[in-house]
Amino acid sequence: MPLTITRHGHSCVRIERDGRVLVVDPGTWSDLDAALDGAEAVLVTHEHPDHVEVGPVADRVRAGVEVWAPETVVADLEAAGAPRDRMHPVADGDDLTVAGARVRVLGERHAVIHPDLPVPANVAYLVDDVLLHPGDSYTLPPDGASVDVLLQPVGAPWLRLADAADYVRAVAPRTVVPIHDELLSERGRAGAVRLLRTLVPASELVVLASGESLRLPG
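Heads up, the sequence shown is in the working numbering, so the first residue is 127 and it goes up one at a time.
By construction, these hints were calculated from the structure, which means they are not laboratory data.
It cannot be assumed that every hint is accurate.
Unchecked claim - Quick list of the computed label-pair ranges, beta carbon to beta carbon:
#: 1; residue 1: Ala205; residue 2: Leu321; range: 15 to 25 Å
#: 2; residue 1: Ala206; residue 2: Ala335; range: 42 to 52 Å
#: 3; residue 1: Leu321; residue 2: Thr130; range: 40 to 50 Å
#: 4; residue 1: Gly145; residue 2: Ala201; range: 29 to 39 Å
#: 5; residue 1: Pro327; residue 2: Leu266; range: 16 to 26 Å
#: 6; residue 1: Arg313; residue 2: Ile239; range: 16 to 26 Å
#: 7; residue 1: Gly317; residue 2: Leu222; range: 35 to 45 Å
#: 8; residue 1: Arg286; residue 2: Gly207; range: 21 to 31 Å
Built from N, CA and C at the ideal position, the CB exists for glycine as well.
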């Protein structure tokens, strides 16, 4: 069955196939109601609020949604009242089935923001071996994996666009969807996309506004 990816602001994406819904990184700069409507599962890459808005996500867990995330995120959600039995700590190397999709958990740490700041846990998620969400990292897919769509951050305190371009080249996806852009102006977004298009011509860049979707062939 085809896979549909819908952006819902910043780093949040909704993944749908055959009526089943999985959401990645529903954070404070996301359209949470639209993203989480009908979702059965949530993946969180790391603890920063722009990737997980703890209160609303904890409410959804109480209502029956299950969460897979690093232990730090699970602990924050549990402290907000989310039942522990619906949450699953993950780590590099885990190979899961979530909402009918294969999810491979990759990597361990967030990109360095500044040497004086702690580096939190961050995992990337490879969904059905076609879609890679790296969170805030430059985590590479496993050897031999062929990524169809890379969700690529383009604006963050830890990010330099030259490094992002090198990362895209290393992953070599068929398609790049820019994400993690709420800190950028419209001109800044456009400039980031232009630079990536120049530096990674082998990959197609598809810009999705919040609420727009990309359909992958089944």
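Quick check: does the Cβ-Cβ distance between Ala206 and Ala335 fall within 42 to 52 Å? The hinted range 42 to 52 Å is violated for Ala206 and Ala335, with Cβ atoms some 30 Å apart.
How does the Cβ-Cβ distance of Gly317 and Leu222 compare with 35 to 45 Å: does it lie in that range? holds (37 Å)
Assuming the hint says 40 to 50 Å, is it satisfied by the Cβ distance from Leu321 to Thr130 or not? The hint (40 to 50 Å, Cβ to Cβ) is violated, given that Leu321 and Thr130 are roughly 28 Å apart.
Range hint compliance [Cβ, Gly145 to Ala201, 29 to 39 Å]: holds (32 Å)
Leu321 and Ala205 - C-beta distance against the hinted 15 to 25 Å: violated (41 Å)
Pairwise beta carbon distance, Pro327 to Leu266, judged against the given window 16 to 26 Å: holds (20 Å)
Do Arg313 and Ile239 keep their Cβ atoms within the hinted range of 16 to 26 Å? holds (24 Å)
Range hint 21 to 31 Å: satisfied by the CB atoms of Arg286 and Gly207? Hint violated: Cβ distance 39 Å, outside 21 to 31 Å.
Checked against the numbered hints listed earlier, the structure breaks hints 1, 2, 3, 8; every other hint is satisfied.
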